[in-house]
Every structure is written in structure tokens, then in C-alpha cells.
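Asker: Listed here are the chains, written in short residue letters.
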Amino acid sequence: MNCKLCHENLDAYHEGKLTPDMKTLVEAHLKTCEACSRVYDEWLLAERIIASEKTIEHGPFLATRIMAAVENRDRELNPERGLPGILRPVFITLSVAAALFAGVVLGKWSVGIEIQERIPVEFAMADDNALESVYLLSNE
Amino acid sequence: MNDNELIELILQGDREKFGTLVDRYSQMVFRTCMGFVHNREDAEDLTQEVFLRAFQSLAGFKGKSSFPTWIYRIAVNASLNFKRKHSGISLFERLESLFSGEKSAEKNPVFSLTDDPEKILIEREHSLWLQRALDSLPANQRTAIILSKYEDLSQKEISEIMNLSIGAVEALLQRAKKNLRERLSAGDKKKLI
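As you go down the protein sequences, you meet chains A and B in turn. Position in the first sequence (from 1) plus 11 gives the number in the working numbering. Position in the second sequence (from 1) plus 415 gives the number in the working numbering.
Honestly, the hints are just simulated from the structure, not real lab data. Among the clues, some could well be false.
Simulated crosslink set (DSSO-like; lysine-lysine; CA at most 30 Å straight-line) [as the list claims (entries may be wrong)]:
#1 K65(A) with K28(A)
#2 K479(B) with K498(B)
#3 K65(A) with K571(B)
#4 K65(A) with K592(B)
#5 K534(B) with K42(A)
Looking at chain A on its own, in the form it has when it is part of the complex:
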């Protein structure tokens, strides 16, 4: 086998598509020809680099980034979908005012809580007439 024939069959050899006889011939040539052997080694190295690059995954937030960009583009392309820019501050102000008004109205409608003084049971049951005068006791 010469170098030209070896080069022509190198892909098929690498992909395991050669007949057993041709495979033996290519292998024998690669063992004896330094130039073809170097070409094949470089091809194998390139395959390894590709295999390593294939395993790289994109960042975890890429999908979120894409969707944010898509939403922005959608807003630019279809401004009628959202509020026009000039009406946005008006809408926010009206929302805040409506929330405050609702708060005041609900506050007025709510029932006030009556605060009652609670007397412990033992004092509530006590008979005032039966109590001795502190003043009299102090004179004794």
C-alpha cells in the first residue's frame, strides 16, 4: 500500500468500515510509514478535542436570559400588548391611590373593639363591707 491509498482509506479505517483485508493493509502501512502515522495521530487528536468541546454545556441562566430578550423584543414589536409608555406612570399612580382609598374605606367599615376592664374573680366576688378599714387598723 502506498501513502495515497492509505490517506484515501483513513476515514473508513477510523470509522471501522474497511474490509478485514484492507484494514490489515492500512495497519501495516501505518506501522511502517511515519508521515501517515503522524497524520492519523493528528486526526485522532482533533477528534479528541471535538469530543471534549462537545461536552461543554451552556450556563444555567442562558434560557432565562433568552426569554428575557424575547419578551423585550416582543414588547418592541407589539407595543399594543402592553401599556403605552406615557400611560404607565398614570396607571401606577392610579393603582396606588385606589389601594389607599380601599384601605381607608375598609378601616371605616370595620367594627371597633371595646376595651373592658377585667377584674380578677377573687376581687370581683369580694364583699366591700366585710373589708376592714385600713385607716382604723393603722390607729390601733
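Could you slot chain B onto chain A? The hints should help.
Answerer: Frame of chain A; chain B shown alone:
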């Protein structure tokens, strides 16, 4: 829910469903872009651009080809445009890297910080060697070989993406591999740093 059903819902106004398509195909698009640019940051920017273009042209998707085939086409066109636009910058960066290796190291964030520095250097050198050989191929050969090697697509799938016959793709791949082997052998790995 299949791709066509999702697209129908998106076109009816359910924009959130586009997120499902992004989840389904972002890694595939990213990998294709990586085959062209060999840099994670650029490949992510390109992936975003591809999905934005797809979103804008979704109404024009007639379903004649599958959604993956359609989005592959957008990814290939966006990547080739990117390489065309940045070919001047890449030359500048190569010149810059002659004086300082820092910039090229930043542009190639594929390796982990915990890796052995010598190993990183060798891998970077090899990656640049392959990148230069791939970049020197004509656009159609480069596209065919990237779709074949990075995406493991069959000749039939590549022919659908590139709008060529299967025979033409087969011939293109053979020429691409032959040229790539020659350019890999001609490229001195050590001179690339």
C-alpha cells in the same frame, strides 16, 4: 406537546410556550455555535441571537421542515456571519496574544481553574490548532463537518439543513475531511500560542 403544537400556541399569543422550545433546543444550538466559535461566551451570545431570530420569524415557519432543521439553519447562518464579522478582531487578538497570553486565555474559558496549568496550556494550544484548521475550510465544508462531528448528524439530516442532495453532502464531507487533515498537518501546534 410536539414542536408544531407549541408553535401554534405561541403564534396564537401564548409567548411563554417559547420557553419550552428554548429548553428543548438551547443545548443543541449552543453546541453547533461552539463548533464555529470555540468559545463559550460567544457561543452563548450566538445562541441567544438564534432564538431571537427564530422568535421573530416564527410566523414564517411553515412546517415544511422540522423545527430542529429550521433552527439549525438559523444557527449555521448566524455563526458564519459572526465569524465573517469577527475575522478582523480574531487577527488582532492573535497579534495581541503574541505579546500577552492573558487575552486569549480569557477568550477560551473552556478549562477549569483547578486544572493543571501545563495541561490547560497544551489543551488551549490544541484547541487553537483545530480552530485555525477548521476556520480555513470553505464555509460549506466547514458547516458540513461541524454538523457531522459536533452534532453527529447523518448525511440525510445535513442535506436537509444545507438544502443539498445526500450525494453532494457525502462529497462535501470527504473533501472537508481531506482538507482538514492536510491543514492539521500543515499547522504547527507550537507556533499557535
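Asker: Each of the hints needs a verdict: does it hold here or not?
Answerer: Results for each hint:
| no. | hint | result |
| --- | --- | --- |
| 1 | K65(A) with K28(A) | holds (24 Å) |
| 2 | K479(B) with K498(B) | holds (29 Å) |
| 3 | K65(A) with K571(B) | holds (21 Å) |
| 4 | K65(A) with K592(B) | holds (18 Å) |
| 5 | K534(B) with K42(A) | holds (28 Å) |
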